[in-house]
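There are 2 protein chains.
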Amino acid sequence: MQRAHVYIRTPALSYPVVVGTRLSSELPALLDEAGFPPHVALITSAPLAALHAGSIEQAVQRSGRSVTRILIPDGEAAKSTESYLAALGGLTKVGSPDGTGILALGGGAVSDLAGFVAGTYRRGIPYAIIPTTLLAQVDSSIGGKVAVNLSEGKNLLGLFYHPRLVLSDVTLLSSLPARQLASGMAEVIKYGLIADAGLADDLERDADRILAKDADALASVVSRCVAIKAEVVGEDPYDDVAGSGRRAILNFGHTIGHAIEAACGYENLLHGEAIAIGMLAAVEISHRLGIVPRDITGRVKAALDRYSLPTRIDASMGCSIESIIHHMKFDKKFRDGVHRFVVLERIGSARLDARVGPELIREVLADRGAPRG
Amino acid sequence: MQRAHVYIRTPALSYPVVVGTRLSSELPALLDEAGFPPHVALITSAPLAALHAGSIEQAVQRSGRSVTRILIPDGEAAKSTESYLAALGGLTKVGSPDGTGILALGGGAVSDLAGFVAGTYRRGIPYAIIPTTLLAQVDSSIGGKVAVNLSEGKNLLGLFYHPRLVLSDVTLLSSLPARQLASGMAEVIKYGLIADAGLADDLERDADRILAKDADALASVVSRCVAIKAEVVGEDPYDDVAGSGRRAILNFGHTIGHAIEAACGYENLLHGEAIAIGMLAAVEISHRLGIVPRDITGRVKAALDRYSLPTRIDASMGCSIESIIHHMKFDKKFRDGVHRFVVLERIGSARLDARVGPELIREVLADRGAPRG
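Chains as they are written, first to last, in our numbering: chain A, 108 to 480; chain B, 108 to 480.
Hints should not be assumed to be uniformly reliable.
No distinction is drawn between identical chains; accordingly, a pair holds when it is met within one copy or between any pair of copies.
What the hints assert, rightly or not - Subject to a maximum C-alpha distance of 30 Å in a straight line, what follows is the list of computed DSSO-like cross-link-like pairs (lysine-lysine): (1) LYS200 x LYS261; (2) LYS320 x LYS436; (3) LYS436 x LYS200; (4) LYS320 x LYS408; (5) LYS436 x LYS408; (6) LYS320 x LYS200.
The hints are simulated quantities; they were obtained by calculation from the structure and are not laboratory data.
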């Protein structure tokens with residue numbers, strides 16, 4: 108069975124992302140190698156606990172560690188300040204002050220919250236992530252960004268705080284709804300487009316196996332995405348626009364995608380669905396700037412279609428071109444009315460480009476079906 | 108007029124601590140040098156705002172920056188999670204998302220809260236500190252530790268997060284109550300004992316001028332303490348017991364002092380008052396271990412008396428030897444029933460010692476007047 112170890116290198120530490128199947132048997136040894144403390148607080152939601160917590164808690168106990176469960180709300184509600192304070196309250200009741208680490212079991216919302224708890228409790232305690240969605244396995248579990256929402260906006264509280272270990276078990280994806288799998292595939296397709304033409308080819312060739320959740324196919328996809336993100340994050344650990352700016356290419360499709368998410372409503376579109384539309388718009392912009400030929404647009408659209416991802420803004424979503432443009436003004440890549448926009452150079456390569464103004468974005472959004480006004 | 112610049116060096120950045128008098132005239136240039144953003148959120152309490160905010164806000168505005176005041180509760184209540192969330196709410200209403208920095212005006216509680224806000228808002232925004240107490244100028248403003256209290260315990264939330272600038276204006280101490288000045292002097296005396304015999308001598312010689320808040324005398328004292336803490340913190344930025352452990356010497360008097368604070372009640376003793384008793388106990392322990400002669404105990408007691416600091420545990424404080432010992436068990440320097448205790452080697456030098464068990468601490472606490480049982 109396929110098993111990959113990818114190491115994330117940060118200025119402060121290096122840690123493994125282990126990708127494979129039925130990994131809970133390896134958890135005890137991996138916790139030992141990570142120097143994990145003797146008391147473990149498992150932070151997860153009730154539905155995920157029902158599916159997966161039993162075998163994971165047994166594995167933690169086999170390692171000689173005690174484990175206490177801290178349940179947080181399901182979905183984005185996990186990232187509220189109320190949930191943050193409740194999780195901290197739970198943590199104060201666990202084990203000895205110096206001997207507790209956090210294990211996050213869930214999607215990006217769970218690990219964002221758990222990582223922020225871990226990074227701020229007693230100036231930082233160890234944590235590990237077992238991501239349960241494809242999106243979390245290929246994206247949010249890697250890179251050290253953790254966050255909590257304020258009522259005034261998403262992710263307004265946050266830190267760079269890295270886990271000691273990420274255990275990406277593709278077996279856990281067997282219970283993932285098809286729409287969630289597709290949402291994760293949008294980020295997978297992004298990695299192919301910006302950094303790995305071979306991956307882009309394979310996603311077209313292996314679509315049937317991936318959509319059927321074939322474990323080997325998923326493990327191959329996840330480990331290649333993790334390797335790409337690990338390399339980019341290693342070059343630009345703090346997403347420093349003034350520095351190498353390398354991490355900015357991970358934003359391919361996200362400048363418009365985030366604005367679509369915010370304008371159309373988070374309840375209407377999953378993250379990957381908004382990113383799919385944003386990526387196709389970014390490819391179209393790259394074409395109109397004369398950087399890529401027309402047929403690339405068709406190929407990207409076909410790939411997104413293959414994974415049942417949306418490529419148009421439906422009028423029923425209730426978001427207009429101007430509402431999307433409005434939300435782009437809050438993107439930190441926006442400077443002086445011109446976006447430092449990530450354009451596609453060819454399949455497998457992307458770069459920042461400063462020539463994208465609001466008019467070009469309006470035109471492309473209109474092509475994607477967004478109503479004017 | 109005396110003016111000292113001490114640089115704090117951390118793995119990520121280096122920043123100045125400027126010590127002197129009437130420094131608000133220098134604030135515009137210092138904010139520019141620190142690369143401070145165009146919008147400034149001044150975090151302070153209402154009483155401090157009434158005393159000092161006007162001239163500081165004018166200085167910020169002279170630098171071409173806008174300034175918004177965010178008021179937080181006075182005293183330790185500044186560090187509650189409610190105060191944290193309220194300050195964040197205020198921050199979301201200030202200026203542009205990328206262009207805001209925080210200026211903390213106050214004692215250690217204000218800068219602890221403001222630093223935690225700065226460190227967690229949008230993964231960290233710049234902040235600066237204008238400390239208004241002697242304790243904050245010589246201790247809490249230096250070293251990058253920021254924290255918020257949970258109902259379950261003090262400082263349970265926190266980070267290492269450094270300011271871009273500390274402006275320690277001893278003129279601000281003119282409004283400081285005598286008891287607060289004395290509390291700060293306990294930490295000043297600590298620096299003399301652990302690291303600077305010349306400072307210890309000067310504190311005895313210049314006591315009249317210091318107690319009269321002579322600006323030159325205070326500026327000299329503060330800048331020497333800052334230089335000592337800067338050197339220790341530079342060697343051990345993350346208070347890493349497994350590393351150099353150098354920062355541990357700053358805990359001289361604090362292992363017992365913190366336990367006295369917690370056992371006797373924070374409303375009964377100021378931090379420096381508890382530390383004064385803790386330091387005398389630590390000197391007595393150093394003597395009983397045969398490390399320093401008896402006359403050192405007398406000299407330290409005389410210095411503490413000179414600054415009207417307590418050296419005995421009054422029965423009215425309601426704390427017993429056993430309640431103090433109980434609280435020491437939660438100190439992270441406590442391992443296997445034996446404290447890694449900071450002992451005095453001579454005036455001007457301290458080191459960690461592992462031979463201090465609870466029986467010796469009980470004896471010394473009894474000498475300090477603490478009731479048994």
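Now the hints, each set against the structure:
Proximity of LYS200 and LYS261 under a CA criterion of 30 Å is satisfied in both settings, with 29 Å inside one chain copy and 15 Å between copies. For the homomeric pair LYS320 and LYS436, neither the shortest alpha-carbon distance inside one copy (38 Å) nor that between copies (52 Å) is at most 30 Å. Taking the shortest Cα distances, LYS436 and LYS200 sit within 30 Å of each other only across copies (16 Å), while inside one copy they are farther apart (43 Å). Only within a single protomer do LYS320 and LYS408 lie at most 30 Å apart by alpha-carbon distance; the minimum there is 22 Å, versus 74 Å between protomers.
Taking CA atoms no more than 30 Å apart as the test, LYS436 paired with LYS408 passes inside one copy only; the shortest distance there is 27 Å, against 63 Å between copies. Taking the shortest Cα distances, LYS320 and LYS200 never come within 30 Å of each other, neither inside one copy (39 Å) nor across copies (46 Å).
Checked against the numbered hints above, the structure breaks hints 2, 6 and satisfies the rest.
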